[in-house]
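Assemble the complex: chain D is given as a structure, and chain C must be docked to it using the hints.
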Amino acid sequence: MWSVSDDALVAGLAAGDEDAASAFVQRFQRRVYGLARTIVVDDRAAEDVAQEAFVRAWRHADAFDHRRGSVVGWLLTITRNLAIDAVRIRRPLAFDPAVLVGLDQPSGEREPHELVQLGVDTERLRAALAQLPEEQCRAIVLSGLLGYTAREVGEAEHIPLGTAKTRIRAALIRLRAALVSEETTE
Amino acid sequence: MSIFSCREVRELAPELALGLLGGTERAEAIMHVDECARCQALVLELTETADALPLLAPELEPPAGFEHRVLSQIHSRRRWNRRRFVPTMAAVAAVAAVAILSVTAVHVVEANNSSSTVPRSAAARAPVAVEMRDTVAGVSAGWAYVTGGHSVAVTVDYGVSSGRYHVQLTRADGGAQSLGTMTVNGNRGSWTGRSARTITRGSTLALVDAAGRAVCHGTVTTGA
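Heads up: the protein sequence lines correspond to chains D and C, in order.
Okay, so the first sequence: first residue is 172 according to our numbering, each after it adds one.
Okay, so the second sequence: first residue is 10 according to our numbering, each after it adds one.
Just chain D, same shape as in the assembly (with noise of 0.2 Å):
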């Protein structure tokens, strides 16, 4: 089962296949509580997160594209916004959004199957974002992986609303234009 593609799992899921449904959550399982684990904090929140997430991946299956998107790409999304949604009151950061996302340490090996295609892979991902400045940075992940608002993002970082708009668009932007630029050099 698990050299089984995920879209193909994804169709045992619509299918109820149960052998299919336990190999896409053994398979999944740890980017989606992690996701979740770090946009709620608490465990128990997460895991509720977590379990949702797959519930409704079940639920949706049928309706899931591959021509949209990656499996783990549309998994992550519905994790996402549920956490966000489970998430009323965000508390201080207790961790720098640079440290969140490794850019601090180096990448380490992954196996073939977890260098998941989205467009991108992560590890290029992890690249581009480390060539923006701090701040940019700083905003992107905090808005693109943690779900903040611009508004929060400006209370976060204790800048005005225009700033923080400001530095989600110019990473976005040039964060796009890195992971492009480096596509037609390769």
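Just so you know, these hints were derived from the structure itself, not from any lab.
None of the values given here were measured: they were computed from a predicted structure.
Backbone N, C-alpha and C define an ideal beta-carbon position, used for all residues, glycine too.
It is possible that part of the hints are untrue.
Take a look, some chain D residues computed to stay more than 12 Å from chain C by CB distance [to be verified]: (1) D178; (2) A207; (3) D256; (4) E323; (5) E328; (6) H329; (7) I330; (8) A348.
Partner residues are not named here, just some residues of chain C that face chain D (Cβ under 7 Å, in silico) [said to hold, decoys possible]: (9) L62; (10) L65; (11) E68; (12) L69; (13) E76; (14) I83; (15) N196.
The following block gives chain C in isolation, referenced to the frame of chain D:
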């Protein structure tokens, strides 16, 4: 026609891709993107990058027994859905049977040129299910049920942000009215109420946010 120009949408594109825009800005930007291939391409590129950002979260081992608990939930909900499916199908069959009887009765009455009672009322009391779909993503957000042409129940459980929404009825003739206010919390919410005007086929029910944007909607496609 959107009020935004290409220049304005290009400026807002990163926030649109990250899902940070709300209300009128989001609705107008999406309207523009739907009609402009160049802006659409830009937003799609940025969305691809934005969608990759959650991959940066550290992977963590969930608590022991997590997989078992997830599979148990799926299993129990699957069984529940099957149980629910049977009465739903029975209700559909009942509606169909009553409708057939009604049509038959109408034909008989018309053939006899009589004005005696036509058994329409039973069909009118059977609930009509309307799937509420997310206006942007098109995925199912929940269901509305219209009973007797006036009673309305709306329930959502997916993809609707927490907040207060107007339950808006737009009749087939274009007239629109708010039937009440529904609160959504953690993607879930339900509301029941009545419409003074009869809800007929072709009417649309929608949840409308404070900015006037319909976040999900469904159209009555069978007789209500």
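Of all the hints given earlier, name the ones this structure violates by number, lowest first.
-> Violated hints: 2, 3, 4 and 8; rest satisfied.
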